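S.K.: Generate coordinates for the entire structure from the input sequences, incorporating the hints supplied.
There are 2 protein chains.
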Amino acid sequence: MKFFSPLILALSMITGAQAGLVEMSVTYQQGGATLEGFHVYDDAVKGTRPAMLVIHQWTGLSDYEKRRSRMLAEMGYNVFAADIYGKGIRPQPPEAGKEAGKYKGDRTLYRARLTAALDLLKADERTDAKKIAAIGYCFGGTGVLELARSGAEIAGVVSFHGGLDSAPGMTAAVGKIPAKVLVLHGADDPYAPTEQITAFQKELTDAKADWQMVFYSGAVHSFTQKEAGTDNSKGAAYNEAADRRSWAAMQAFFAELFK
Amino acid sequence: MKFFSPLILALSMITGAQAGLVEMSVTYQQGGATLEGFHVYDDAVKGTRPAMLVIHQWTGLSDYEKRRSRMLAEMGYNVFAADIYGKGIRPQPPEAGKEAGKYKGDRTLYRARLTAALDLLKADERTDAKKIAAIGYCFGGTGVLELARSGAEIAGVVSFHGGLDSAPGMTAAVGKIPAKVLVLHGADDPYAPTEQITAFQKELTDAKADWQMVFYSGAVHSFTQKEAGTDNSKGAAYNEAADRRSWAAMQAFFAELFK
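So the sequence lines, in the order shown, correspond to chains A and B. Quick note on this note's numbering: the first sequence kicks off at 2 and runs consecutively. Quick note on this note's numbering: the second sequence kicks off at 2 and runs consecutively.
No lab work stands behind these hints: they were computed from the structure. Misleading hints may appear alongside valid ones.
No distinction is drawn between identical chains; accordingly, a pair holds when it is met within one copy or between any pair of copies.
Unchecked claim - Taking lysine-lysine pairs in the DSSO-like style, the calculated list, with each CA pair at most 30 angstroms apart, reads: (1) Lys209 <-> Lys227; (2) Lys227 <-> Lys203; (3) Lys47 <-> Lys260; (4) Lys209 <-> Lys235; (5) Lys177 <-> Lys227.
A quick note: this is a predicted structure, and the numbers were derived from the prediction, not measured.
M.R.: If you want it as structure tokens, here you go:
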């Protein structure tokens, strides 16, 4: 499968926000649905390179994920931000909760959408297929964990303030989790009760997965997103220290994966 | 207080294991006890520099802590490995458990010993007193957390597979923990039951301390110590990945503290 046809390139290439970055919208299909992802890379990097899949939070692929994707592209990665929901489906709360719920309630569908995006990224000529990782935020954090649980043949996944719950009958299978797992978590995240954390850690340990989990004090849900404001009492808020530290932890993780 | 008199230097300076490192034994006093610590620094570094206190595991100050101290000195720190137990007191199990228990059961005494070592390091002419951190292993992990709980005016502490329990009436006080806290922990550590972890996180959160905690899968107690062997079923064992990752996490933490 070829990722970008010359036609798509011609139609959708736009000037990157940063000098050297090339970015474009990419329309693709899964299960009859039309999806619109975002591809960005540094044109100054030649040949294949490590690649990064980015999975969006509950409001769908937004400027937030595009900004993170550009940050990764500036680090040299070939980056594809997936669209799980479908072209034009970019809901705000409370609709966002319903839309996310569709996929959290149907992990088979969620995995199919994740895998479709991963397959595109894998097939791109810039991708070093042995050096792929995925990161996700909130809903997308759940997504990258689901990708790991699916047994995806990638180097690693990073969840930022993601939900940790698994679906019945779809938990991680013993010895079938090639991806190393890094979970970056707000210690005060009200959306992840202690029982969920304990169950998640037990699930991955029982599966003999290689996992790490970092807790950041004073951080609630959405701690990497300035858009969330700074009122912790709302359960979702930006936290500058946790944002900075989690990005650094991700980079250290990648340094190990892609050394 | 002057740290090293010319006399002590003349008596105890020995050739460093690494070119550029100067290392020596240092005898000092606390509460009538004679203690023998270990000082190491890179002589090529001029003037004051960030400084590091190292607290030993349950068998007392050993070659293990000296090796870690040298690694830190090679990174440019002025390093002092404390002696909590007293000169010549270097017990092996099961005596080590009894000796450690003395201090874990008397946190006032433990804090006094920790503070004595910190005061020496602070007073040394090579130390930038605004840039001091402490690291500790197992028993010493408990120690550096105790140092943080005591309100010590240092930049940060790092616990490697340390015990997390506090003593009644000596828990962290609200707003009185200047040190940032990083806890590096084996997810399968049998010496830290879930209740202890939960209580510790609550204690530090309630105190409004800046803390982070990292869990490493597949790691039990003593995961940084090759001397512990590799049989996880013993409850204490070396884990190469957790060792490497925890050292890197510590370095990232220092990069933030001393930027």
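S.K.: If a hint holds in the structure, say so; if it doesn't, say that too.
M.R.: Now the hints, each set against the structure:
Taking the closest pair of Cα atoms, Lys209 and Lys227 come within 30 angstroms of each other only across two copies (22 angstroms); inside a single copy the shortest separation is 36 angstroms, beyond that limit. For the identical chains of this complex, Lys227 and Lys203 are inter-copy neighbours only, at 26 angstroms across copies versus 32 angstroms inside a copy, given an alpha-carbon limit of 30 angstroms. Taking the shortest Cα distances, Lys47 and Lys260 sit within 30 angstroms of each other inside one copy (18 angstroms), while across copies they are farther apart (34 angstroms). In this assembly of identical chains, Lys209 and Lys235 lie within 30 angstroms of each other by CA distance solely across copies; the values are 18 angstroms between and 36 angstroms within a copy.
When the C-alpha separation of Lys177 and Lys227 is checked against a cutoff of 30 angstroms, the pair qualifies only between copies, where the shortest distance is 29 angstroms, while the shortest distance within a copy is 36 angstroms.
Figure legend: structure checked against the earlier numbered hints; every hint is met.
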